[in-house]
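Peer 1: Sequence:
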Amino acid sequence: MARIKVHELRRKTKAELQNPLKDLKNELSLLHVTKVTGGAPNKLPKIKVVRLSIARVLTVTSQKQKTALREVYKKKGH
8 MARIKVHELR RKTKAELQNP LKDLKNELSL LHVTKVTGGA PNKLPKIKVV RLSIARVLTV
68 TSQKQKTALR EVYKKKGH
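Every number in the working numbering is 7 more than the matching position in the sequence shown, counting from 1.
Honestly, the hints are just simulated from the structure, not real lab data.
Heads up, some of the hints might be wrong.
[To be verified] Cut-off 30 angstroms, straight-line C-alpha distance, at most; resulting in silico cross-link-like pairs (DSS-like, lysine-lysine):
{"no.": "1", "residue 1": "Lys-32", "residue 2": "Lys-53"}
{"no.": "2", "residue 1": "Lys-71", "residue 2": "Lys-29"}
{"no.": "3", "residue 1": "Lys-21", "residue 2": "Lys-53"}
[Claimed, not checked] Distance ranges between label pairs, derived from CB positions:
{"no.": "4", "residue 1": "Leu-37", "residue 2": "Arg-10", "range": "10 to 20 angstroms"}
{"no.": "5", "residue 1": "Gly-46", "residue 2": "Tyr-80", "range": "48 to 58 angstroms"}
{"no.": "6", "residue 1": "Lys-83", "residue 2": "Thr-41", "range": "45 to 55 angstroms"}
{"no.": "7", "residue 1": "Val-40", "residue 2": "Arg-77", "range": "39 to 49 angstroms"}
{"no.": "8", "residue 1": "Thr-44", "residue 2": "Arg-77", "range": "38 to 48 angstroms"}
{"no.": "9", "residue 1": "Lys-73", "residue 2": "Thr-41", "range": "33 to 43 angstroms"}
{"no.": "10", "residue 1": "Ala-47", "residue 2": "Glu-78", "range": "45 to 55 angstroms"}
{"no.": "11", "residue 1": "Asn-49", "residue 2": "Lys-82", "range": "49 to 59 angstroms"}
{"no.": "12", "residue 1": "Gly-46", "residue 2": "Lys-81", "range": "49 to 59 angstroms"}
{"no.": "13", "residue 1": "Ala-62", "residue 2": "Ala-22", "range": "14 to 24 angstroms"}
{"no.": "14", "residue 1": "Gln-70", "residue 2": "Leu-37", "range": "23 to 33 angstroms"}
{"no.": "15", "residue 1": "Gln-72", "residue 2": "Gly-46", "range": "30 to 40 angstroms"}
{"no.": "16", "residue 1": "Glu-78", "residue 2": "Gly-45", "range": "44 to 54 angstroms"}
{"no.": "17", "residue 1": "Gly-45", "residue 2": "Gln-72", "range": "37 to 47 angstroms"}
On a predicted model such as this, the values are computed, not experimentally measured, just so you know.
Glycine is no exception: its CB is placed at the ideal position from the N, C-alpha and C atoms.
Make a model of the complete structure from these sequences and hints.
Peer 2: Following this line, the structure appears as structure tokens:
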């Protein structure tokens with residue numbers, strides 16, 4: 008899987024971000040199994056890429072959530 012671009016993630020909705028997140032987590036678990044069973048050593052560096060991609064998706068999700076909350080509380084006032 009290629010590196011995920013943050014600007015592409017920001018265009019997606021929260022629901023659209025859940026699918027790649029689920030896929031990335033499944034891929035990471037498969038890579039961990041490959042590592043434990045002594046599988047192909049060329050797949051081991053991919054673990055880092057997948058972990059960083061998961062972090063990017065989660066970061067964008069949390070940023071969207073914080074932005075939405077700021078908008079809600081901005082309208083409420085004091």
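Peer 1: Against each hint, give a clear statement of whether it holds in the structure.
Peer 2: We went through each hint and held it up to the structure:
1. Lys-32 to Lys-53: Given that 30 angstroms is the threshold and the Cα spacing comes to 13 angstroms, the pair holds.
2. Lys-71 to Lys-29: holds, 18 angstroms
3. Lys-21 to Lys-53: Since the Cα atoms of Lys-21 and Lys-53 sit roughly 25 angstroms apart, the hinted pair holds (cutoff 30 angstroms).
4. Leu-37 to Arg-10: 10 to 20 angstroms: At roughly 19 angstroms between Cβ atoms, Arg-10 and Leu-37 fall inside 10 to 20 angstroms, so the hint holds.
5. Gly-46 to Tyr-80: 48 to 58 angstroms: holds, 49 angstroms
6. Lys-83 to Thr-41: 45 to 55 angstroms: Holds - the Cβ-Cβ distance for Lys-83 and Thr-41, about 50 angstroms, lies within 45 to 55 angstroms.
7. Val-40 to Arg-77: 39 to 49 angstroms: At roughly 41 angstroms between Cβ atoms, Arg-77 and Val-40 fall inside 39 to 49 angstroms, so the hint holds.
8. Thr-44 to Arg-77: 38 to 48 angstroms: Since Thr-44 and Arg-77 have Cβ atoms about 46 angstroms apart, the given range 38 to 48 angstroms holds.
9. Lys-73 to Thr-41: 33 to 43 angstroms: Given range 33 to 43 angstroms: holds, Cβ gap about 36 angstroms.
10. Ala-47 to Glu-78: 45 to 55 angstroms: The hint (45 to 55 angstroms, Cβ to Cβ) holds, given that Ala-47 and Glu-78 are roughly 47 angstroms apart.
11. Asn-49 to Lys-82: 49 to 59 angstroms: Holds, at about 52 angstroms.
12. Gly-46 to Lys-81: 49 to 59 angstroms: holds, 51 angstroms
13. Ala-62 to Ala-22: 14 to 24 angstroms: Holds - the Cβ-Cβ distance for Ala-62 and Ala-22, about 20 angstroms, lies within 14 to 24 angstroms.
14. Gln-70 to Leu-37: 23 to 33 angstroms: Holds, at about 28 angstroms.
15. Gln-72 to Gly-46: 30 to 40 angstroms: At 37 angstroms between Cβs, range holds.
16. Glu-78 to Gly-45: 44 to 54 angstroms: Holds, at about 51 angstroms.
17. Gly-45 to Gln-72: 37 to 47 angstroms: holds, 40 angstroms
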